[in-house]
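Please work from the sequences and hints to get the whole structure.
Reminder that position 184 of the sequence shown reads as 184 in our numbering, one-by-one numbering, no gaps.
Just so you know, these hints were derived from the structure itself, not from any lab. Where hints are given, some of them may not hold.
What the hints assert, rightly or not - Computed cross-link-like contacts, DSS-like style, restricted to lysine-lysine with a CA-CA straight-line distance of at most 27 Å:
# : residue 1 : residue 2
1 : Lys125    : Lys192
2 : Lys223    : Lys236
3 : Lys210    : Lys192
4 : Lys223    : Lys53
5 : Lys110    : Lys125
6 : Lys110    : Lys210
7 : Lys192    : Lys169
8 : Lys210    : Lys197
9 : Lys223    : Lys192
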Amino acid sequence: MKKDTCCKRKYDRFFHLSMSQGQLRQRRGSTAEIMSKGSASSPLALSRSALLKASPQEHGPVRKLHIPLIYSLLPRFIQRCVASVPVLNRFSCPSWEARYLVLLGSYLYKFEDHVTQRDTPSHPKGSPLALSSLEAFIVDNNSLRCLPIGNERTPLEVGTLFCVSTFRKQYYYCASDHEQALVWVNSIMEAKQEAVKRSMGHAQTDSYPKSWEYYDRLGRSLKSQNERIRMRVERKELQELEMRPLMEGAPLSRGYFG
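Below, the structure written as structure tokens:
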């Protein structure tokens with residue numbers, strides 16, 4: 001009888017643990033879907049075709065460096081081994097994805113694919129990047145060596161890559177040539193200076209188009225909406241992680257002396 005009770009307890013503990021892990025994986029897998037739904041609920045006015053009609057400061061196709069998280073956590077020698085295997089190289093190694101950037105007003109908008117017809121509505125990918133907290137610069141040869149890709153995987157020569165850096169993340173883009181990369185960096189930094197002046201009240205309000213103010217409000221709303229969704233998802237994931245000791249039957253940690 002005691003043996004059956006012990007087995008039942010182990011089964012219940014395993015059942016709750018597997019459910020907790022399954023729910024956690026489902027939550028993590030649905031994070032991107034939730035974010036996309038939040039972006040999809042934004043007004044149609046933030047479509048790429050609408051932004052292009054507002055005469056943005058700069059726009060055009062680029063290629064974005066996508067580095068999988070698992071690949072970035074691997075040691076360098078394992079990265080070389082993964083890159084040498086064709087199947088793993090295709091799915092686990094860094095890749096270049098087509099993007100279309102639109103610099104309008106106080107935000108930088110990212111779109112999924114530049115080959116999409118301009119008349120087709122497309123919503124921004126992720127949250128718009130506020131120019132007031134951005135830094136943009138050309139990636140030199142020394143910085144390029146520090147990237148996980150290495151020189152042999154760079155699609156074009158050195159000087160065509162530029163980085164858009166925020167407090168939380170760095171985005172690496174590849175332009176068609178060095179001149180176009182410089183145009184992007186200079187346009188972003190000039191637009192940032194104007195955005196900072198406007199926030200401090202030092203810029204002339206008459207020179208700023210009303211349509212840009214309208215899109216700035218939409219971009220700010222979309223960014224805040226995505227931030228709330230992200231924080232809600234992270235909070236639920238944290239709660240599930242805190243509940244795992246209860247599911248396993250282990251005592252909760254009470255701090256250093258717990």
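Hint check:
Taken as a hint, the Lys125 and Lys192 pair is honoured in the structure, with Cα atoms around 21 Å apart against an allowance of 27 Å. Distance restraint check for Lys223 and Lys236: the Cα-Cα separation of roughly 20 Å lies within the 27 Å cut-off, and the hinted pair is therefore satisfied. A hinted pair counts as satisfied when its Cα atoms are at most 27 Å apart, and Lys210 with Lys192 qualifies at roughly 18 Å. Proposed proximity of Lys223 and Lys53 is supported: the alpha carbons are some 21 Å apart, at most 27 Å.
Distance check on the hinted pair: Lys110 and Lys125 sit about 5 Å apart at the alpha-carbon level, within 27 Å; holds. Distance restraint check for Lys110 and Lys210: the Cα-Cα separation of roughly 22 Å lies within the 27 Å cut-off, and the hinted pair is therefore satisfied. Between Lys192 and Lys169 the alpha-carbon distance is near 17 Å, which keeps this suggested pair within the 27 Å criterion. Annotation: proposed proximity of Lys210 to Lys197 holds, straight-line Cα distance about 17 Å (limit 27 Å).
Restraint check: the Cα-Cα separation between Lys223 and Lys192 comes to about 17 Å, which is no more than 27 Å; the hinted pair holds.
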